[in-house]
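Engineer: Start from the sequences and build out the full structure, keeping to the hints where you can.
Protein sequence lines, in the order shown, are assigned to chains A and B.
Mapped onto the working numbering, the consecutive letters of the first sequence carry residue numbers 1 to 531.
Mapped onto the working numbering, the consecutive letters of the second sequence carry residue numbers 532 to 1062.
Just so you know, not all the hints are guaranteed correct.
Below, in silico cross-link-like pairs of lysine-lysine (DSS-like), each with a Cα-Cα straight-line distance of 30 Å or less [stated by the list, open to error]: (1) Lys964/B to Lys411/A; (2) Lys508/A to Lys914/B; (3) Lys503/A to Lys955/B; (4) Lys508/A to Lys628/B; (5) Lys981/B to Lys964/B; (6) Lys964/B to Lys503/A; (7) Lys207/A to Lys66/A; (8) Lys53/A to Lys914/B; (9) Lys628/B to Lys856/B; (10) Lys856/B to Lys536/B; (11) Lys433/A to Lys411/A; (12) Lys513/A to Lys1044/B; (13) Lys306/A to Lys325/A.
Please keep in mind that the hints were generated in silico from the structure rather than gathered at the bench.
Note that this is a predicted model, so its numbers are computed, not measured.
Number of protein chains: 2
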Amino acid sequence: MSNQKILIAGEWKNSRNPEGFFSSRNPVEKRELPDKFPISSREEILEMIRAGKKAADELYSISPEKMGDFLDRFAKNIEARTEELVEIAHLETALPKDTRLRAVELPRTTNQLRQAAVAARERSWARATIDTKSNIRSKFGALGGPVVVFGPNNFPYAFNSVAGGDFASAIAAGNPVIAKANPGHAGTTKILAEAAFDAVNDTGLPKATVQLIYHMEPEEGLMLITHPMIGATGFTGSRTSGLKLKEAADKAGKPIYLEMSSVNPVFVLQGALRERPAEIAEELYTSCSLGSGQFCTNPGIVIIEKNEEGLGFLNLVAEKFKENKPGTLLSSSGPKSIADAVATLINAGAELLVGGKEAEGPGYAYLNTLLKVPGDTFLNNAKVLQTEAFGTVTLFVLSESADEMRAIASKLEGNLTGSIYSDKVGEDDQLYKQIEPLLRTKVGRLLNDKMPTSVSVVPSMNHGGPFPATGHPGFSSVGIPGSMLRFASLHCYDNVREHRLPKELRNKNPTGKMWRLIDGEWSQANVTAYQ
Amino acid sequence: MSNQKILIAGEWKNSRNPEGFFSSRNPVEKRELPDKFPISSREEILEMIRAGKKAADELYSISPEKMGDFLDRFAKNIEARTEELVEIAHLETALPKDTRLRAVELPRTTNQLRQAAVAARERSWARATIDTKSNIRSKFGALGGPVVVFGPNNFPYAFNSVAGGDFASAIAAGNPVIAKANPGHAGTTKILAEAAFDAVNDTGLPKATVQLIYHMEPEEGLMLITHPMIGATGFTGSRTSGLKLKEAADKAGKPIYLEMSSVNPVFVLQGALRERPAEIAEELYTSCSLGSGQFCTNPGIVIIEKNEEGLGFLNLVAEKFKENKPGTLLSSSGPKSIADAVATLINAGAELLVGGKEAEGPGYAYLNTLLKVPGDTFLNNAKVLQTEAFGTVTLFVLSESADEMRAIASKLEGNLTGSIYSDKVGEDDQLYKQIEPLLRTKVGRLLNDKMPTSVSVVPSMNHGGPFPATGHPGFSSVGIPGSMLRFASLHCYDNVREHRLPKELRNKNPTGKMWRLIDGEWSQANVTAYQ
Chain A
1 MSNQKILIAG EWKNSRNPEG FFSSRNPVEK RELPDKFPIS SREEILEMIR
51 AGKKAADELY SISPEKMGDF LDRFAKNIEA RTEELVEIAH LETALPKDTR
101 LRAVELPRTT NQLRQAAVAA RERSWARATI DTKSNIRSKF GALGGPVVVF
151 GPNNFPYAFN SVAGGDFASA IAAGNPVIAK ANPGHAGTTK ILAEAAFDAV
201 NDTGLPKATV QLIYHMEPEE GLMLITHPMI GATGFTGSRT SGLKLKEAAD
251 KAGKPIYLEM SSVNPVFVLQ GALRERPAEI AEELYTSCSL GSGQFCTNPG
301 IVIIEKNEEG LGFLNLVAEK FKENKPGTLL SSSGPKSIAD AVATLINAGA
351 ELLVGGKEAE GPGYAYLNTL LKVPGDTFLN NAKVLQTEAF GTVTLFVLSE
401 SADEMRAIAS KLEGNLTGSI YSDKVGEDDQ LYKQIEPLLR TKVGRLLNDK
451 MPTSVSVVPS MNHGGPFPAT GHPGFSSVGI PGSMLRFASL HCYDNVREHR
501 LPKELRNKNP TGKMWRLIDG EWSQANVTAY Q
Chain B
532 MSNQKILIAG EWKNSRNPEG FFSSRNPVEK RELPDKFPIS SREEILEMIR
582 AGKKAADELY SISPEKMGDF LDRFAKNIEA RTEELVEIAH LETALPKDTR
632 LRAVELPRTT NQLRQAAVAA RERSWARATI DTKSNIRSKF GALGGPVVVF
682 GPNNFPYAFN SVAGGDFASA IAAGNPVIAK ANPGHAGTTK ILAEAAFDAV
732 NDTGLPKATV QLIYHMEPEE GLMLITHPMI GATGFTGSRT SGLKLKEAAD
782 KAGKPIYLEM SSVNPVFVLQ GALRERPAEI AEELYTSCSL GSGQFCTNPG
832 IVIIEKNEEG LGFLNLVAEK FKENKPGTLL SSSGPKSIAD AVATLINAGA
882 ELLVGGKEAE GPGYAYLNTL LKVPGDTFLN NAKVLQTEAF GTVTLFVLSE
932 SADEMRAIAS KLEGNLTGSI YSDKVGEDDQ LYKQIEPLLR TKVGRLLNDK
982 MPTSVSVVPS MNHGGPFPAT GHPGFSSVGI PGSMLRFASL HCYDNVREHR
1032 LPKELRNKNP TGKMWRLIDG EWSQANVTAY Q
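Structural biologist: In structure tokens, the structure reads:
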């Protein structure tokens, strides 16, 4: 048992006058792990902010190549500590070591860091725009203050506040990061922060480019994200916490990017139900149970027509929910919060078909849970019936008609994803055409004949969507280089002498590969028309 | 004297049960103009919202070419009514018919509409991104609900809610607009709305693509922008109103883009003061007095060193402020609000050098006003001393040292622009290098040896900046195509069958000219790698 240090102003230090300590818990054995992590005081948070601001000022004159070197080195340092990381993340989250942690999430994380390194060096992300006649030039650039990152509990590496997508995006855009660990995997976060800080030292970045605290009182969190020296905030977590942070940041005029909640509706049209019910039932169950249902893109609502095929499909799915044992949940709060959500759904008129209670056995677990509700009941109480249950809990909405299905699509809240399954022979074409435009404005990513849980890290990805799935419908938290734009300001230069411009805006293309919009055309060339 | 109609749900109609009427005033003769414009009731605002939402749904399947045709036709309709428009705008705002209204602002407005038409047709604005391996494709697309536009009082055409930059951007991105007229030029707005609605009919767009109300009670404004069917809001106006709208929109999770206030600091470095004081004084006065100082980019604060050259320069500027007569202000509230701001500056320690009171004569006017304040006084009360006075009012900050100048740069709030004047022989180079990074994070557009009041409508323009100048540091309200992205959501398609994709994301480039990011490279080609 030992008191852990925080990473503050370029040093691992004991927390001064901590407000208390906490430990991560092992979700299988339901016991506290030995390490004690401090709850930081306002005084040391203010110290971090000042150190972060100083680092932001210093980073202004540090080359993107160096940021790239840091990100690459960090990825390498993570790989060097794979065994340790897999061990501790498994202990803290109960996520399977293989394949999930070792073969899927860890490589995804280092891949994101390396993609960010490439993007930082190549610089096209900055969308440099040059108009030669007026000699006005602009590009996206760092915010001028540190980015605060709050990571969620469900991806100990890939969305970790000190190694995940927000971290990589913020750093690649030239900002320091103040990471707030998720208390569910503080030990994992500590090792990742060590690997990051080693990379900071190895590559000679300002030492406060990466800082880490484990916990703080809620009012200190609000102080942190609204502080005048802060650049922006990235948050992935619950809607309740997200909305509180959003309100404070909005009021202070500080950008905040949130990923808060999503029930990821799946429409299965009649032709598809007839054509391949077993195949779709299998895909659905796999998607619902991935990560014990604790994915932001978990399909929480399935909309079908209530008829023979529909009910047959529902039975197939119910079988799978029944016959499979649930996985261990991430934390002690899991079963309770799922039970609350299920109770909310039932109170609002949903009928329980499978599961509906905590699972027996050693770890935190909740039975795979399936519910159904008639379409008109859903329409009459749509907001409550879209309550997210963070686990393998799925609500079938049984619609009386195609008309009602369209009405249901219109009543959906903002979501990360929405899927439509359709047949291959064209019977579903008309209804697809009607539902698609309704769903389009409600979701960030629209899928066709595909379940939503796979989130590829490619430039075209949108892991975002309309409120309340996120705080803004124009940004994605996954997909480099787009995700970097969240942590950047638009910097315009008017009549600035060429030698005073950032390299990205000078006549010579700084990398020979950087894409720039010159006089309205994307180009990798030097600017020649101007003087 | 006649009661004017509103443009609602595709018809010019009398306001039902209006909450009252108002008239625009002629600022020269200080008299009410004859037309009576209604203050709309909640009932009819709700009708507009529903009609706007229906139009948004219909626009989903209307081609960008048609939106372009509308914008072009609208520009032509405006030109056909030039004489009427110049007459009424001059009556309502006192802005000079020539060259300002006829030769500058009206052509700028039609030019913006035509640029938006080109952008809509060409489609590169949508930043289509295609990854062929994963078959994920995304682009920006319409919001799915109408955009509410509030126009300011100072540009009756170019920022008009029914013809200006926000309008053009929102329409070109595929959204209907609900325009809220600025009460200062309701008659001008009426003619522009007529020209717009004629173009709607000429080109066969959904009739509620353009709607117009003149006024409403503040609580109805909040209801309007937070309504679930609304897409987003664009606002240009005062900080007080802007912050109220922002708070409501933020809470409802509705995007809002604001341009609220800016004092546009100008640093004149020592070498430049020595080298060309008379030239810079002339440029400064011209910039300060443009539009009677009622420009969002008006230089409200000038920072110089307090020494012989600095004081000599201040005298030169003071002469110009003294010897020139002020122009007529836009409205009756002008002199009062300037007087309040000047009193605030004086109470905070500024010393009045020139002007400081309402001007005599027939129209609303306030004497050109110059103030000064010592650098340390500014630093001790920086927030209040950055109060914007919307007129020809400029505060000189006299700094004791280069160090103090840097401290002043650090204390600036978010601004649209910031300028640095430097000499041509290199004496100012070192200080420029120190001040530039500090100023960079505070402003949207950084100028070198140039005053801020000219805002070119080019893609590289940033007419935006950090809070409180605007609500988000990553967006510009001027400069197509960038300004369109404010009124768009990121639409991602995952595994969607090709014939179901929007044309912009199919394999064939829909215009042959559209730039798309295909597998990480910008290209105008068709997609060939995929299948």
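Engineer: A separate judgement is required for each hint: does it hold in the structure or not?
Structural biologist: Hints, verified against the model:
Distance hint between Lys964/B and Lys411/A is unfulfilled; the C-alpha atoms sit about 55 Å from each other, more than 30 Å. The hinted pair formed by Lys508/A and Lys914/B fails the criterion: a straight-line CA distance of about 40 Å is larger than 30 Å. For the suggested pair Lys503/A and Lys955/B, the alpha carbons sit about 21 Å apart, so the restraint of at most 30 Å is met. Distance check on the hinted pair: Lys508/A and Lys628/B sit about 44 Å apart at the alpha-carbon level, beyond 30 Å; violated.
The straight-line distance between the Cα atoms of Lys981/B and Lys964/B is roughly 17 Å, inside the 30 Å bound, and the hint therefore holds. Distance restraint check for Lys964/B and Lys503/A: the Cα-Cα separation of roughly 15 Å lies within the 30 Å cut-off, and the hinted pair is therefore satisfied. Distance hint between Lys207/A and Lys66/A is fulfilled; the C-alpha atoms sit about 14 Å from each other, no more than 30 Å. A threshold of 30 Å between alpha carbons decides the hint, and for Lys53/A with Lys914/B the separation of about 20 Å falls inside it, so the pair holds.
Annotation: proposed proximity of Lys628/B to Lys856/B holds, straight-line Cα distance about 18 Å (limit 30 Å). Between the alpha carbons of Lys856/B and Lys536/B the distance comes to roughly 39 Å, so the proposed pair goes past 30 Å and is violated. Between Lys433/A and Lys411/A, the direct Cα distance comes to roughly 17 Å. Compliance with the 30 Å bound is thereby established for this hinted pair. Only pairs whose Cα atoms come within 30 Å are accepted, and Lys513/A paired with Lys1044/B is accepted, the gap being roughly 21 Å.
Under the criterion of a C-alpha separation no larger than 30 Å, the hint pairing Lys306/A with Lys325/A is consistent with the structure, at around 28 Å.
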